[in-house]
Amino acid sequence: MTALAVLAGMLGLLGAALVALAGLGLIRLPDPLTRATAVSKAASLGAVLVLLAVLLADPQPRTAVVIGLILVAHLVTSPLSGLALGRAAYRSGTARPPVTRVDEPATRARRPGMTGPHAGPGEPAPPGGSEPR
Amino acid sequence: MSGLWTFALVLVAGAVLAAVWRALRGPTPADRAVAAEAVFVASVSAIAILSVLLDAPLLLDVALVAVLVGFLTTIGLSHFVDRTEDRT
Numbered sequence: 001m002t003a004l005a006v007l008a009g010m011l012g013l014l015g016a017a018l019v020a021l022a023g024l025g026l027i028r029l030p031d032p033l034t035r036a037t038a039v040s041k042a043a044s045l046g047a048v049l050v051l052l053a054v055l056l057a058d059p060q061p062r063t064a065v066v067i068g069l070i071l072v073a074h075l076v077t078s079p080l081s082g083l084a085l086g087r088a089a090y091r092s093g094t095a096r097p098p099v100t101r102v103d104e105p106a107t108r109a110r111r112p113g114m115t116g117p118h119a120g121p122g123e124p125a126p127p128g129g130s131e132p133r
Numbered sequence: 001m002s003g004l005w006t007f008a009l010v011l012v013a014g015a016v017l018a019a020v021w022r023a024l025r026g027p028t029p030a031d032r033a034v035a036a037e038a039v040f041v042a043s044v045s046a047i048a049i050l051s052v053l054l055d056a057p058l059l060l061d062v063a064l065v066a067v068l069v070g071f072l073t074t075i076g077l078s079h080f081v082d083r084t085e086d087r088t
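Chains as they are written, first to last, in our numbering: chain A, 1 to 133; chain B, 1 to 88.
For reference, chain A alone in the conformation it holds in the complex:
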């Protein structure tokens, strides 16, 4: 019992350390795309570890159900919100990353048949505006 409590405490501490690492990345990383990466990977994994530690600290059926729901909701929504943030940061042209050399959306827009709002800096804008809203 005590061993389980110690394991839960260590797991919770590990998860909180990952969340703190995401905060450190938010301070230290150079552009919005990498910061969104830090938040949507490290902080999400940290939250998952903290929730599993809470389940270990209080192993009741009701806690298991609620934590399962939280985990499913978090694991489904976290990549989506990270993707939405990264896409918005890319489309707002102020987010040109100085250290990130690969510009994959612009490369994909240069392929025939794939025009769209992700055209590169040197590309002419597609006629008729961007995607329908």
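Everything labelled a hint here was simulated from the structure, so no lab data went into it.
Fair warning: there could be bad hints in the mix.
Claimed, not checked - Distance windows between CB atoms, simulated:
| hint | chain 1 | residue 1 | chain 2 | residue 2 | range |
| --- | --- | --- | --- | --- | --- |
| 1 | A | P61 | B | V62 | 15 to 23 Å |
| 2 | B | P27 | A | L4 | 33 to 41 Å |
| 3 | A | Q60 | B | T6 | 17 to 25 Å |
| 4 | B | R83 | A | A3 | 51 to 59 Å |
| 5 | B | R25 | A | A3 | 41 to 49 Å |
| 6 | B | I75 | A | L24 | 21 to 29 Å |
| 7 | A | P79 | B | G26 | 41 to 49 Å |
| 8 | A | V65 | B | R83 | 37 to 45 Å |
Note that beta-carbon positions come from the ideal geometry of N, C-alpha and C, so glycine has one too.
We have chain A; now place chain B onto it with these hints.
Just chain B, lined up with the frame of chain A:
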């Protein structure tokens, strides 16, 4: 055993402080939206840790609602960032 959990709460609070610093510092609206999502994830973790520290399992329901509200708010913020930069 509550010492470990208290230290975990302090770490999460440090992450929230870092995110608030980034939201104040800027420099683009995308940075502020990313900082807002970091605050959401950190607050879900903080609520879960508090449910252990205070021995209140009902707080986990609050964490569930916080996850869903945080997702909707992040999607809304990303649309806002997108449109803000369209005008300039």
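Verification of the hints:
1. For P61 (chain A) paired with V62 (chain B), a C-beta distance near 19 Å keeps the hint of 15 to 23 Å intact.
2. Checked against the hint of 33 to 41 Å, the pair P27 (chain B) and L4 (chain A) fails, with Cβ atoms roughly 47 Å apart.
3. Under the hint 17 to 25 Å, the C-beta atoms of Q60 (chain A) and T6 (chain B), about 22 Å apart, fit the expected range.
4. The hinted window of 51 to 59 Å between R83 (chain B) and A3 (chain A) holds, with their beta carbons roughly 53 Å apart.
5. For the hinted restraint 41 to 49 Å between R25 (chain B) and A3 (chain A), the CB-CB distance of approximately 44 Å keeps it satisfied.
6. The hinted window of 21 to 29 Å between I75 (chain B) and L24 (chain A) holds, with their beta carbons roughly 26 Å apart.
7. Roughly 26 Å separates the CB atoms of P79 (chain A) and G26 (chain B), a value that falls outside the hinted 41 to 49 Å.
8. Take V65 (chain A) and R83 (chain B): their Cβ atoms lie about 39 Å apart, and the range 37 to 45 Å holds.
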